[in-house]
Structure formats: C-alpha cells, structure tokens
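First to last, the sequence lines map onto chains Y and U.
Numbered according to our numbering, the first sequence spans residues 0 to 301.
Numbered according to our numbering, the second sequence spans residues 323 to 631.
No lab work stands behind these hints, which were simulated from the structure alone.
Nothing here was measured: the structure is a model prediction, and the numbers come from that model.
Backbone N, C-alpha and C define an ideal beta-carbon position, used for all residues, glycine too.
It is possible that some hints are incorrect.
Label-pair ranges, simulated between beta-carbon atoms [as the list claims (entries may be wrong)]:
1) U:GLN403 with Y:ASN261: 47 to 57 Å
2) Y:ARG263 with U:ILE613: 24 to 34 Å
3) Y:ILE73 with U:ASP595: 53 to 63 Å
4) U:ASP535 with Y:ASN230: 33 to 43 Å
5) Y:ASN252 with U:ASP410: 43 to 53 Å
6) Y:GLU2 with U:GLU502: 30 to 40 Å
7) Y:LYS190 with U:SER588: 28 to 38 Å
8) U:GLN543 with Y:ASP226: 49 to 59 Å
9) U:GLN562 with Y:PRO282: 28 to 38 Å
10) U:ASP595 with Y:ASN230: 13 to 23 Å
11) U:ARG525 with Y:ASP79: 40 to 50 Å
12) U:ILE567 with Y:LYS118: 47 to 57 Å
13) U:GLN543 with Y:PRO275: 41 to 51 Å
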Amino acid sequence: MSESAVDRVSRALDLVPFILENPGIEISALAKKFKINEKQVLADLELIFLCGLPGYTPYELIDLTFEDGLVTVIDPQVLDKPRLFNEIEAVVLVLGLSIMKNVINDSKRLESINNLQEKIAAKFSAIENISFTTSSKPKFYDLVSEAMSSRRSLNLTYSSISRDEITQRFVAPRSIYLAQGNFYFVALDRKSNQERHFRMDLIIDCELSDDPGSEEQTISEDANLFDFRINTRNKYLTERYSELFTDISQQGNSYHARGRMNNREWLKRLVISNAPDIELFEPADLKKEIEERALRTLALYQ
Amino acid sequence: MSSEKTERLINLTLGLLASKRYLTKNEIFRTIAGYSGTPESMERMFERDKDELRSAGIIIEVGGLDPLFEDEQGYLIRSSQIQIQPNDFSKAELILMVLAANYWSQSNLDDSAKNALLKIASIDSGVTEQIDSNNGQLLVQNFNHESSQIRSLISAINSRRYIKFTYKSLYRMVAPIKLENIQGFWYLSGLEDRWMKRFKVIRFESSVIVLTDTEPFDKDQLMKDSTFADNSEMSLQKLQAFIRIGKCNNLRKNGLVKPHDGEWESLELGFTDQEQMIRDLLWNGDDVQVIAPTTLKSELLYRLQRLIK
Numbered sequence: 000m001s002e003s004a005v006d007r008v009s010r011a012l013d014l015v016p017f018i019l020e021n022p023g024i025e026i027s028a029l030a031k032k033f034k035i036n037e038k039q040v041l042a043d044l045e046l047i048f049l050c051g052l053p054g055y056t057p058y059e060l061i062d063l064t065f066e067d068g069l070v071t072v073i074d075p076q077v078l079d080k081p082r083l084f085n086e087i088e089a090v091v092l093v094l095g096l097s098i099m100k101n102v103i104n105d106s107k108r109l110e111s112i113n114n115l116q117e118k119i120a121a122k123f124s125a126i127e128n129i130s131f132t133t134s135s136k137p138k139f140y141d142l143v144s145e146a147m148s149s150r151r152s153l154n155l156t157y158s159s160i161s162r163d164e165i166t167q168r169f170v171a172p173r174s175i176y177l178a179q180g181n182f183y184f185v186a187l188d189r190k191s192n193q194e195r196h197f198r199m200d201l202i203i204d205c206e207l208s209d210d211p212g213s214e215e216q217t218i219s220e221d222a223n224l225f226d227f228r229i230n231t232r233n234k235y236l237t238e239r240y241s242e243l244f245t246d247i248s249q250q251g252n253s254y255h256a257r258g259r260m261n262n263r264e265w266l267k268r269l270v271i272s273n274a275p276d277i278e279l280f281e282p283a284d285l286k287k288e289i290e291e292r293a294l295r296t297l298a299l300y301q
Numbered sequence: 323m324s325s326e327k328t329e330r331l332i333n334l335t336l337g338l339l340a341s342k343r344y345l346t347k348n349e350i351f352r353t354i355a356g357y358s359g360t361p362e363s364m365e366r367m368f369e370r371d372k373d374e375l376r377s378a379g380i381i382i383e384v385g386g387l388d389p390l391f392e393d394e395q396g397y398l399i400r401s402s403q404i405q406i407q408p409n410d411f412s413k414a415e416l417i418l419m420v421l422a423a424n425y426w427s428q429s430n431l432d433d434s435a436k437n438a439l440l441k442i443a444s445i446d447s448g449v450t451e452q453i454d455s456n457n458g459q460l461l462v463q464n465f466n467h468e469s470s471q472i473r474s475l476i477s478a479i480n481s482r483r484y485i486k487f488t489y490k491s492l493y494r495m496v497a498p499i500k501l502e503n504i505q506g507f508w509y510l511s512g513l514e515d516r517w518m519k520r521f522k523v524i525r526f527e528s529s530v531i532v533l534t535d536t537e538p539f540d541k542d543q544l545m546k547d548s549t550f551a552d553n554s555e556m557s558l559q560k561l562q563a564f565i566r567i568g569k570c571n572n573l574r575k576n577g578l579v580k581p582h583d584g585e586w587e588s589l590e591l592g593f594t595d596q597e598q599m600i601r602d603l604l605w606n607g608d609d610v611q612v613i614a615p616t617t618l619k620s621e622l623l624y625r626l627q628r629l630i631k
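All chains, full assembly: derive it from the sequences and hints.
See the structure below:
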C-alpha cells in the first residue's frame with residue numbers, strides 16, 4: 000500500500016532534527032531507526048533538500064549532505080527541534096513511568112518520576128483517564144534483580160502452579176518481565192538444565208547462592224510436540240503464549256497452533272482450564288490424561 | 323502519492339512555523355511554494371492541506387489580523403505547540419523516559435515506544451546511546467491486545483470522539499471515557515446511550531471505528547446525565563468450594579480457608595471476573611469442588627463435559 004503524503008511529512012519533520020543531533024549517521028542506520036528501506040530514506044532526503052522557507056534561495060532551504068552513505072544536516076531552518084510526543088507515545092511513557100514507580104526503592108527518584116509524569120501528561124487530557132495497574136512489587140524482586148546483575152544463582156522455595164506443589168529450585172535468573180500484571184523471571188534451572196519461567200509472587204523463600212550462574216549451560220531440547228486448535232473467541236491465548244508456537248494459522252473460527260513444550264503438566268492444565276476453546280490433538284497420550292482428569296472432576300459432583 | 327503535494331505540505335508547515343505573525347491566505351498563496359491555479363482551486367488545496375496537517379497532530383492556529391476586520395483571518399504554527407523545546411526536559415528526565423520506553427520493547431506498544439525514543443534521541447543522542455539495551459531491565463511482554471485497537475481508543479478518549487464496535491454480538495456506539503489496564507487486560511469505560519458501562523477490550527468482536535466526522539462529545543454534560551449500569555461481568559461474587567488439603571495454592575492464597583475433614587478444606591473467595599474464576603477452578607481439576615455460585619458450577623460442569631469425547 001502506498002504511503003500517504005501526510006505520513007511522509009510527519010517522517011520528514013522527525014528525520015531532520017534526528018539527523019541534526021546525530022551528524023554523519025549512515026543511511027542504513029536511518030532506515031533501521033525509521034523502519035523504512037534505504038531507497039525511501041534517499042527519496043525523503045531528496046525531498047527535504049527541496050523544501051524550506053519562503054524565498055527558497057539556497058539560504059532559505061534546508062541544507063543537508065548525503066554522500067558516501069553518510070548524512071549530515073547543515074541548516075535545518077525551523078526543524079531544529081523534534082516534534083512533541085503524540086498522544087500514544089505520551090501514554091506509553093507515562094505508563095512506563097508508573098511501572099518504574101512500582102519497582103524502585105528510591106523516594107527522591109519517585110518524586111522526580113511523579114513530576115515528569117505530570118509534565119508529559121499536561122498536554123494530553125486523556126492521560127488522566129488511562130491507567131495501568133500491576134501487582135505490587137514482589138517481596139523478592141530486588142534479590143532476583145541482584146542475582147541477575149551479579150550473575151549469581153538463587154536457591155528458591157517455590158509454589159509451582161503447574162504442579163500445584165511446593166518445590167526447591169536452584170536457578171540462574173536471565174531476565175525479568177511483566178505479563179498479565181504479574182512479575183516473572185526467566186531462569187536456567189540448574190538441576191534440569193532447562194529454561195523455566197517463574198512468577199515472583201509465588202516465591203516463598205529465596206536466597207543468593209555463591210555459585211555463579213554459568214553462561215555455558217545449554218538448554219535441553221527435550222520437549223513435547225503439541226498440536227491444538229484455539230477458538231478465535233480466545234485469540235488472546237495465541238498472543239499470550241506466542242513464544243511457545245512454532246506455527247500458527249487461522250482456519251475459519253479457530254487457530255491451528257503447533258509448538259514445543261517440555262512441561263506436560265502445565266500443558267494439560269492449560270487445555271482443561273480453557274475448555275472448550277482449546278482442543279488438543281497431539282500428544283495423543285496427553286489428550287487421554289486430560290479426559291481422565293475431566294472424568295475424575297465430574298465424579299466429584301455425582 | 324504525489325511528491326509535489328508532500329513538498330507543498332512541508333513548505334506550508336515550515337512557512338507557518340517560521341512566521342512571527344498570522345499569515346493570510348493571500349500571503350500564503352503568494353509566498354509558499356506549491357500553490358498555483360485559480361483562486362478557487364488554491365483555496366480548496368489550502369483547506370485540504372490544513373486538514374491533513376491537523377490530522378498529523380500539527381496545530382495550526384487561526385487568528386484575526388485586525389480587530390476591526392473580523393473576516394481577515396490568518397494562520398500560524400507555534401513552535402511550543404508542536405516541538406519539544408530545549409529546556410522542556412532535563413538530562414535526568416530524558417534518562418527516565420528512555421528507561422520507561424524500553425519497558426515496552428517486547429510488547430505490542432513497541433512501535434510507539436520506539437517513536438518516542440527517536441524523539442528523545444533527537445534531543446540528546448547521548449542519552450539513548452547510554453541506555454540502548456534492556457540489559458537487566460524489566461520488560462513488559464505481549465499485551466494481549468492489538469496495538470491498533472488500543473491506539474484508536476486512546477486517540478478517541480483524547481479527542482472525545484464517539485466510537486463504534488461489536489461487543490457480545492451487538493453493534494455499539496459509545497462515548498469512550500476511561501481506559502484501564504488491570505492485571506494485563508484493558509477495560510474501557512464509556513457511555514452507551516446514558517449508561518456508563520465497562521467493556522473488556524479483548525472481547526471486542528470488531529475493530530474500533532473512531533467517528534472523526536462527527537462533533538466531539540461534551541464529556542461533562544454526558545457524565546452529568548449518565549447512570550451507572552450494573553455490569554454483572556464485573557460485579558463482586560463469592561465462591562464457596564472445597565479444596566484438597568495442600569492443593570490449589572493459586573486459590574487458597576487469596577481466599578479464606580477453614581478445616582473441613584481429613585481430606586478437604588473449605589474455601590471462600592471473592593471474585594469479579596467469572597470467566598477467569600472458571601479458568602482458575604478448571605486449572606485445579608479434581609482438587610476443587612465448587613458449592614456456589616450455582617451458575618458458575620453449572621458452567622464449570624458444562625465445560626468439563628465438553629472435554630470428554
């Protein structure tokens with residue numbers, strides 16, 4: 000689909016101040032930053048080169064050089080400053096700052112963040128009507144962060160949701176993320192040598208180990224192939240678990256999803272808890288176990 | 323796409339931005355490159371150009387040149403209304419904004435976050451280079467919603483425009499008032515007729531259409547005349563159930579647990595989202611037995627039956 004004139008104008012107004020602040024930037028880097036191809040960058044630069052202020056003599060035109068793949072703005076005329084954040088960018092920044100407030104401990108920084116949020120929100124009345132709520136900061140958040148930054152391992156007492164039991168784990172944290180309002184971390188389980196995701200509020204106890212988290216461990220490929228159908232009504236499942244799927248396609252009112260998963264118990268519970276919107280085809284033995292569990296549950300009510 | 327038109331729009335923006343006073347249409351037609359033809363065609367061209375620039379968020383101010391001649395209108399773009407000024411943000415604030423934008427790099431709001439980062443890099447490239455990666459930083463993952471849907475809702479709330487969408491098989495026209503993300507899910511509060519209702523965005527069955535060709539709604543007046551609808555989807559209910567001793571850790575941590583017999587404990591737990599509650603109960607399989615509410619129990623049994631071929 001061809002681009003509208005106004006989209007190109009918007010990009011031109013962003014390109015000039017960006018190049019001015021980043022003189023000598025490569026055209027390939029500009030293409031990457033602005034998510035367009037190098038041919039489009041060149042076309043934009045050629046267009047900008049023809050624009051300027053009334054009079055349109057060389058002194059009034061925007062002056063820039065783009066030779067040998069490098070671009071520099073000599074005279075931006077009045078495009079020496081970036082455009083204001085638009086409403087969505089402002090929302091993303093303000094909500095990001097709200098998340099930050101949830102995980103920092105420094106009260107002085109908290110005040111700076113509050114002031115900054117007010118400053119960004121001042122131009123957009125809608126922002127006061129948009130909010131982002133997460134769980135409160137988990138008790139062991141700082142310890143997990145510390146383990147990650149100091150590349151150390153953790154001894155965890157963890158309440159596993161998939162197995163519904165309390166387990167002892169020895170893990171090397173790799174990254175922290177926020178999903179569905181909860182804080183998680185990805186870690187290498189040192190015992191099984193497999194990558195696992197942990198929800199921080201399910202940690203019952205946690206301590207730093209002196210054993211450094213090794214970088215050389217490999218992730219086991221020992222995982223089950225699964226194949227299931229998801230009703231489009233529950234499209235969010237395809238997004239929520241997108242990292243599990245190797246292949247997904249829409250067929251009428253459903254998505255056909257395939258992937259790999261090494262936690263059979265979790266997969267079983269996922270299918271049961273989203274019944275009848277997820278239907279499992281493979282692994283066949285897991286399908287049988289799901290039916291057996293459903294029968295046992297129904298028997299409680301007879 | 324016409325390069326001539328793009329060039330004219332850029333020149334018009336630059337001309338109005340550089341001017342220290344309102345420029346009349348005649349001055350614009352005479353001095354800004356790209357306007358030609360009959361007075362009528364230039365007039366039409368200018369009206370379309372103004373609308374397009376405004377749709378891109380460029381504020382074009384209209385003002386009278388002379389109080390004695392009201393029909394002589396002029397046009398101006400103020401830098402403070404469309405550009406970030408050099409002293410708007412301190413270096414410490416720019417760093418905070420980079421960190422805040424980086425949170426979204428694995429979410430479907432990543433595009434907007436990256437655009438914000440480009441603007442920050444246009445103020446001080448050093449700041450973004452210093453914190454260019456998410457090394458050790460918290461990341462927001464997925465977001466469960468198509469970003470275009472969220473963008474439309476934010477834009478409609480900001481511009482106070484009515485929206486249309488399909489929800490629970492009904493075609494709705496709503497004045498959007500508030501958007502909240504609670505535990506990873508977006509909820510829209512808005513007025514449908516005079517009723518204030520809350521909609522779960524993930525359950526929208528169509529794209530959101532923002533009615534840009536109608537007048538903005540008067541939020542204060544609408545709110546004054548509104549009545550809160552009883553939205554059973556979000557009203558508080560109480561679960562009563564038996565759970566196996568030592569099991570159902572995801573339910574027991576938020577509920578009131580009492581001993582029952584050697585195998586079971588009783589559980590009472592408040593909830594608002596029935597759909598999520600059913601999923602949580604099914605997750606625990608035969609380690610939980612629901613007593614009440616009966617509607618929830620019936621739905622649970624129906625879903626279990628569907629698992630058996």
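Against the structure, the hints come out as follows:
no. : hint                               : in the structure
1   : U:GLN403 with Y:ASN261: 47 to 57 Å : 55 Å, holds
2   : Y:ARG263 with U:ILE613: 24 to 34 Å : 31 Å, holds
3   : Y:ILE73 with U:ASP595: 53 to 63 Å  : 59 Å, holds
4   : U:ASP535 with Y:ASN230: 33 to 43 Å : 35 Å, holds
5   : Y:ASN252 with U:ASP410: 43 to 53 Å : 50 Å, holds
6   : Y:GLU2 with U:GLU502: 30 to 40 Å   : 34 Å, holds
7   : Y:LYS190 with U:SER588: 28 to 38 Å : 36 Å, holds
8   : U:GLN543 with Y:ASP226: 49 to 59 Å : 55 Å, holds
9   : U:GLN562 with Y:PRO282: 28 to 38 Å : 36 Å, holds
10  : U:ASP595 with Y:ASN230: 13 to 23 Å : 19 Å, holds
11  : U:ARG525 with Y:ASP79: 40 to 50 Å  : 47 Å, holds
12  : U:ILE567 with Y:LYS118: 47 to 57 Å : 54 Å, holds
13  : U:GLN543 with Y:PRO275: 41 to 51 Å : 45 Å, holds
Of the numbered hints listed earlier, not one is contradicted by the structure.
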